[in-house]
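Counting in this note's numbering, the sequence shown runs from 13 upward without gaps.
Simulated from the structure, these hints should not be mistaken for lab results. Check the hints yourself; a few may be wrong.
To be verified - Straight-line distance between alpha carbons at most 30 Å, and here's what the computed DSSO-like set of lysine-lysine pairs gives: (1) K84 with K37; (2) K74 with K84; (3) K152 with K239; (4) K152 with K74; (5) K152 with K119; (6) K119 with K239; (7) K37 with K74.
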Amino acid sequence: MADGVKPRQGGTPPARDGRRTRWTKHREERRAEFVEAAMRVLADTGPDFGIEQVAVEAGVTKPVLYRHFSDKADLVEAMGERGTQILLDRLIPALNSEEAPLPRIRKSIDAVLGTLEQYPNLYWVLARHGHGQEVVQADKEIIATALSALLGDYLRAFGLDSGAAEPWAYGVVGLVQATAEWWLERRSMSRDSVTEYLTTLVWAAIDGFARQADVVIDPNVPLEINKVIQMSPGRFAGSDESDVADAGNGDR
């Protein structure tokens, strides 16, 4: 032990400062309140909202807001993290549903489209903002990696080559995102119609691949292995890729 450093009696670690813990929690709660205020302003004003508008909505001054966010980019990034949480809270239960394949695919796609329909300005400000684009890309990686793990488990359960799981997952995520952007821009058909078209396309790919290997899956009958293969929503927000890669391997 270094000279001049005395061990604590009994070897017990120093107690955490309760005041510091309470202050940290307070800051986190205040930051979350300001993010929700910014989400409301964004919904009403659009992607060109200003920091001062957020401060007014939150009932504070700009200097108070800047104690919690270094600039607008920092606030937008926090809003993106909140959007990710909302999306995953809706998507993961749909992916984990024990329903038949077709309604399960339909619910998963509708969860994505429904979130974008409810928060269109949030998506656009993220997709077109420097720091926000990083959030959108991270979301794609999280969802595609999780979906890859899930598909890989199903392919192995049917005795099929799981090598297709990763390109499938990224292909599906890209397909849904590109179609969702087109739909948000055009609004030329209902959300239900877009969901149905995408569901048909995704299922056709899965069914075609399975039939090539002489595996026939009834799209309207739940799969017994649904009860085994599950993903945990808590592992996604803030997880690194190694955590997410294991997400398809639930308790067996």
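Of the numbered hints stated earlier in the document, which are not met by this structure? 4
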